[in-house]
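Colleague: Sequence:
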Amino acid sequence: MAVIQELSPHLADLIAAGEVVERPASVAKELVENAIDAGATRIQVEIENGGITYLRIMDNGCGMTPEDAPVAFRRHATSKLRTEEDLAAIGTLGFRGEALAAIASVTQIDLFTKQKNVLVGQHLHLEAGELQVQEEAGCPDGTTIIIKDLFFNTPARMKFLKKDFTEAGYVVGVVQHAAISHPEIAFTMIRDGKQVFSSSGDGKLMTPVFGVFGREITANMIEVEPFERDAITVQGYITKPHCCRPNRSMQHFFVNGRYIKSKLLQAALEEAFRNKIITGKYPSCALLIGLPLNLVDVNVHPAKTEVKFAQEKNVFGAVYSACKNALERNDNTPVLKLSESKKAAPKEDNLTHMQQRMEVTDISIQSSTEVERPKARIQENQPIEQLFLPKKLSVPPKFRPPIIDCDEEDDSLSFASTEIADEPQHLCGVQKMPQTAMQKETVASAYDDGEAENKGSGEKTEPRFSAPLASQNTIGTPPHARVIGEAFQTYLIAEDSDGLILLDKHAAHERMLFNRLRAATDIPQQQLLTPHIAEMSVTEFQILKDSMKMVQSLGFDLEIFGESSFAVRAVPAYLDAGDVAEVLSEIAEKISSNRAPTPDRLDDLIHTVACKAAIKAGKSTTQMELQQLCDRVLGDPEISCCPHGRPVTVRLTKYEIDKLFKRVNQ
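The opening residue of the sequence shown carries number 700 in the numbering used here; numbering runs sequentially from there.
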């Protein structure tokens, strides 16, 4: 008996189905493309249970004859190719003649089709690829295909499917891609009896773009006017530089009306945005690229989402130039010129606020547009010893509000200065304070992310960070190292007996928050006065919805708001509410790409929250805040590197510095 045998047609169909039919969205994609090729101007997609048990595609295309209808379900049967020359210049979305046969082999299909010039249509019923019924039937012009019980005869494939809502989201994405690539066609998407997406088919690209991207993103989009070079055309919409996202989930490219995934096009788009967006951010887009059929090969993969360009350099250049021109035409960012005194941190320093309000006989407050902050001027007859905090004053205890020491395990850090009462106080003078009085003082921060102190009732907000000073030190001598400056508003510079210490503010604060959040049983929340509406992509929305418990464990309080948005009612206590949409988008990406066990995945998500909540490089920081950060980092051996693995501190010893200046023998 021969060892090598020809596969049976049914087994061959099942193998082909494994390449073409991965999930309900794969079925929807093939059938929608067939409807577009049939010349339809209206296409309706309806699904139930994510498209697994029921999927219906209706169109008003050309329909099929009684002779053609059953042939369409045979392998390699198509009306779109005849010769090799046709294969080299494919202008239709479908051409392989495999989709219907593959779909029919793993489903139960009912087909209704009718041409416009005939009175009666045809009804076909197939199970597992076998034609069971063909009869005349009354039906509207065009074709209606009903798919039931996907993978009913291959139950092993079911275990690879995701939840119904997630699978439904993939189907919605297919319809949205088709709507953008063919704005002249009216699309309707119905999920479990409810319409979730529609486009009017008015031929205006903005119509489906608005439906896909949402109001907020669309309002920040720039039109890429029709651009042509080397027979390549580019048009569409891109987001403004300030409206970029942490991932590429909203980059949509279409070549000759076909949605594709292309690293070449991604690189061209992002190159146009070079030096306009920060590292780790990506623009969103809906770009329609047209080029001669013989210069693009779509016969690369059965899914037909990958293509090869014959002239990659020209394609790259056309997309780059079109996007670059659009950005330059809309580069109307206002240039705001501020005096130096107004270049302050986003949140006003409370101690500076006190200096501006208090009338002091011994101290005059300089107000000038030439300095960064109002400075205290000390009279010459009142010297201050061991003052290491420039631009700050030591306030006697009786003029200070009560300060609550934090729990020693509180690893958080608030970058704001000590809260001072608004009532004008009489400052008797700045004098050198007795050491015994200073031994009991604590440098603390009273700002706690929007939680204000209730002065009337005597209730006080617990500070998020405290750094008790050692008993033998005064305020001019920190317990570990003395902060002497800051470089590039990013790196703290401190000195101790051994040399200099360079400390990365963001990395240190990120690690502190990460340790605190990971150790917390329940991550503290801050309630928002009004819910923040976070618009997500369809895919991101489904991922977050399916992982709602995990997201809520991070400190978020989310409610579904519409088809692809969340109403955010609470966020982690250390996170700025303005970063919610971006953080949720990153969390969705981490969840979708991380297949690690749940504890490790949760650590990864906590890291995302900590990274966004930590102070950013380039943000202004007061000397007191720098000292607090330095004391905390040097006093905690666990803060040696950030969650990314980057070092937090770098030490340059005095000996190494002396060597640089040739003060010691080499």
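You may find that some hints are simply not true.
Stated by the list, open to error - Below, a list of computed lysine-lysine pairs in the DSBU-like style, where the Cα atoms sit at most 30 Å apart:
| hint | residue 1 | residue 2 |
| --- | --- | --- |
| 1 | Lys858 | Lys1248 |
| 2 | Lys975 | Lys960 |
| 3 | Lys980 | Lys779 |
| 4 | Lys1248 | Lys980 |
| 5 | Lys893 | Lys1248 |
| 6 | Lys960 | Lys1023 |
| 7 | Lys862 | Lys815 |
| 8 | Lys1244 | Lys861 |
Claimed, not checked - Label pairs and their computed distance ranges (CB to CB):
| hint | residue 1 | residue 2 | range |
| --- | --- | --- | --- |
| 9 | Leu1359 | Arg1217 | 23 to 29 Å |
| 10 | Glu883 | Glu835 | 31 to 37 Å |
| 11 | His1231 | Arg928 | 41 to 47 Å |
Since the hints were made in silico from the structure, they are not lab data.
The model shown is predicted, which means the values in this text are computed figures rather than measured ones.
Just so you know, even glycine gets a beta-carbon here, dropped at the ideal spot from N, CA and C.
Colleague: Hints first: check each against the structure and report whether it holds.
Modeller: The hints, checked one at a time:
1. Among the hinted pairs, Lys858 with Lys1248 is consistent with the structure: their alpha-carbon atoms are about 22 Å apart, no more than 30 Å.
2. For the given pair, Lys975 sits about 24 Å from Lys960 by alpha-carbon distance, which is consistent with the 30 Å threshold.
3. For the hint linking Lys980 to Lys779, the alpha-carbon distance of about 41 Å lies beyond 30 Å, and the restraint is violated.
4. Under the criterion of a C-alpha separation no larger than 30 Å, the hint pairing Lys1248 with Lys980 is consistent with the structure, at around 27 Å.
5. Restraint check: the Cα-Cα separation between Lys893 and Lys1248 comes to about 26 Å, which is no more than 30 Å; the hinted pair holds.
6. Taken as a hint, the Lys960 and Lys1023 pair is honoured in the structure, with Cα atoms around 21 Å apart against an allowance of 30 Å.
7. Taking the CA atoms of Lys862 and Lys815, the gap is near 40 Å; set against the 30 Å cutoff, the hint is violated.
8. With a C-alpha separation of about 13 Å, the suggested pairing of Lys1244 with Lys861 holds against the 30 Å cut-off.
9. Between Leu1359 and Arg1217 the CB atoms are about 40 Å apart, so this pair departs from the stated range of 23 to 29 Å.
10. About 33 Å separates the C-beta atoms of Glu883 and Glu835, a value consistent with the hinted range of 31 to 37 Å.
11. A hinted range of 41 to 47 Å holds for the C-beta pair His1231 and Arg928, which are about 42 Å apart.
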